[in-house]
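**Q** Each protein sequence line maps, in turn, to chains V and Z. In this text, residue positions in the first sequence follow this note's numbering: the first is 22, and each later residue adds one. In this text, residue positions in the second sequence follow this note's numbering: the first is 1446, and each later residue adds one.
In short, the hints are calculated from the structure, not lab data. Mixed in with the good hints there might be a few duds.
[Claimed, not checked] Here are the computed lysine-lysine pairs in the BS3-like style, where the Cα-Cα straight-line distance is at most 30 Å: (1) V:K82 x Z:K1560; (2) V:K29 x Z:K1871; (3) V:K37 x Z:K1560; (4) V:K37 x Z:K1726; (5) V:K39 x Z:K1871; (6) V:K29 x Z:K1692; (7) Z:K1871 x Z:K1939.
All figures in this text were calculated on a predicted structure; none of them were measured in a lab.
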Amino acid sequence: MTKEMQFKTIVAQYCKVKPEDMTNEMRFREDLGFSSLDFMSFLGELEDTFDVELEEENVLKILTIGEALDLVNELA
Amino acid sequence: MGNLIRDIIEESGKKYSNTVAVKWLEKKEIKERNYKEIMEHMVLVRKGLLAEGFAGKHIALIGTSSVEWIESYLGIITGSTVAVPLDISLPPEDLIDLINRSDSEALFLSPKAAKLLDVILSKCPKLRKVFMLQEEKTENSNEKTMSLGELKASAQGAGEDAGRPNPDDVATIIFTSGTTGKSKGVMLTQDNLATNVESVDFTTEPGTILLSVLPIHHAYCLVMDWLKGFSLGTTVCINDSLLHMVKNMGVFKPKVMLMVPLMIETIYKRLSAADPSIPKKVLGDNVFGGNLEIIFTGGAHLDPFYIDKFAEFGVEVLEGYGMSECSPVISSNTVTDHKAGSVGRPLCNAEISFDNGEILVRGSSVMKGYYQMEKETEETLKDGWLHTGDKGYLDEDGFLFINGRVKNLIILSNGENISPEEIENKLALNPLIGEVVVTGENNGLTARVYPDQDVVAAKGLKEEEIQAGIQAFLDEYNKSQPTYRQITALVIRKNPFIKSATKKIKRQEVLIDEPV
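Okay, chain V solo, but in the shape it has when bound (with noise of 0.2 Å):
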């Protein structure tokens, strides 16, 4: 599995958009339907997928599934 494809594995258990349905352009909030809680959970998730390490003040202003994305992308 690519790490975009793993990446939106784990978004698809917050919403019910599909992994394959899922664009760079879509907000977490807004568009997904995340809580607030989801997110900081979905966020947790990909500190133990990836092995990376976020910075909670940073993380808290990404929007978009992109904007996730390219953080990983940095990260990992």
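Guided by the hints, dock chain Z onto chain V, whose structure is given.
**A** Below, chain Z alone, put in the same frame as chain V:
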């Protein structure tokens, strides 16, 4: 026997002296402090504050859960000083307002918020001292700033200790959302807090692991995780970030946790997304850490669906009901006495009555009043009865059920109470926003906006430009707000809101999107 938090803590200090009281993570390493050590640190803080001349004064705390935060809090409330816990995620201007309105003369500040130090000192004229919540010396110590470590060191060997407070003395002021858009400082006495701790019907063996995941400035977390937890000799483990809640359940392996419904909903998403071929026991151990037996929940309505689903994993979810004004627990389901869908029976120190369906509460945990808000206090406390703003009923077995709200307050499933007017006033500052109403939907806040038609016409804006312009403004607004006050959905209306004869927007009709 007086009802003092000091009595409860001192008794635990003696009974459980070698039991671990607090565990926390420091760079992935687990650190701990036992009851004897917690007591020693607490006494040093108390003596230090007395020596610094803060007897009888109000002292604010800004920080997330930490051993430094809790020992400072205990040092304050076991003396004759009043603790004012504040939400670290609030914008600086709100924190400054609350420090000033609470008449705080000292502040314990987390190093995570160190960048606020200068602005707070310059805009809070009554503040005489800031204690940074860290053991090591502060980088730029000055006459107004020192570390908690320095405060405690200065009290080493000091003979004089603060006297015992009276049960009727205010121990803490907790800020809660007001329906007029201005938050109110709930004054809770020693007796209010101590009797709430004693009246919650739960006991467990000393050393039971409890993982604290809620914000410590909230009454529910502060009184139930920490004060109740300490009264039973439990080991309270600190969750370092909501990012790591599930991971830390595996690290600390708690038996008991307090959660808001939103947390239960999020964990359930993880459970239900797992491969169905994984045995339930394996999945449960993986997500809950392996030892979790009880989740107490409150702060917002929980769908009973989750109670059944979690029971399949051997985790009992017990729902309760409370509010800061009641220190905070009013009723709770218990291990031996529960009914799904209810919020349990009232505590033994709480009397329940109803006024047109509104739940009224009387008892030893009902607040003294709102700090310097006489009118609001009179409206809420009438003849000793606290008007909760919630509607409900007691069933034939004495279980309390909640079925609506009287006041205009949004209760999110993370337990946060949001005053829509407070947010609407801020959003209305944007010229493109003509009318706005904020509603709570799907675990978030929705802004329903009717654009200012004069601005739209003057700029010749098209529909998508209006949407983009307002969304950009909301994105900026969201950046300055804690997550629970962020707007997560935007609805642009084509027509104005329906209004009453006095030209006020009819809130109950805002979901009718397109009035003729």
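**Q** Taking the hints in turn, state whether each one holds.
**A** Here is what the structure says about each hint:
| no. | hint | result |
| --- | --- | --- |
| 1 | V:K82 x Z:K1560 | holds, 18 Å |
| 2 | V:K29 x Z:K1871 | violated, 35 Å |
| 3 | V:K37 x Z:K1560 | violated, 40 Å |
| 4 | V:K37 x Z:K1726 | holds, 26 Å |
| 5 | V:K39 x Z:K1871 | violated, 37 Å |
| 6 | V:K29 x Z:K1692 | holds, 20 Å |
| 7 | Z:K1871 x Z:K1939 | holds, 22 Å |
Checked against the numbered hints given earlier, the structure breaks hints 2, 3, 5 and satisfies all the rest.
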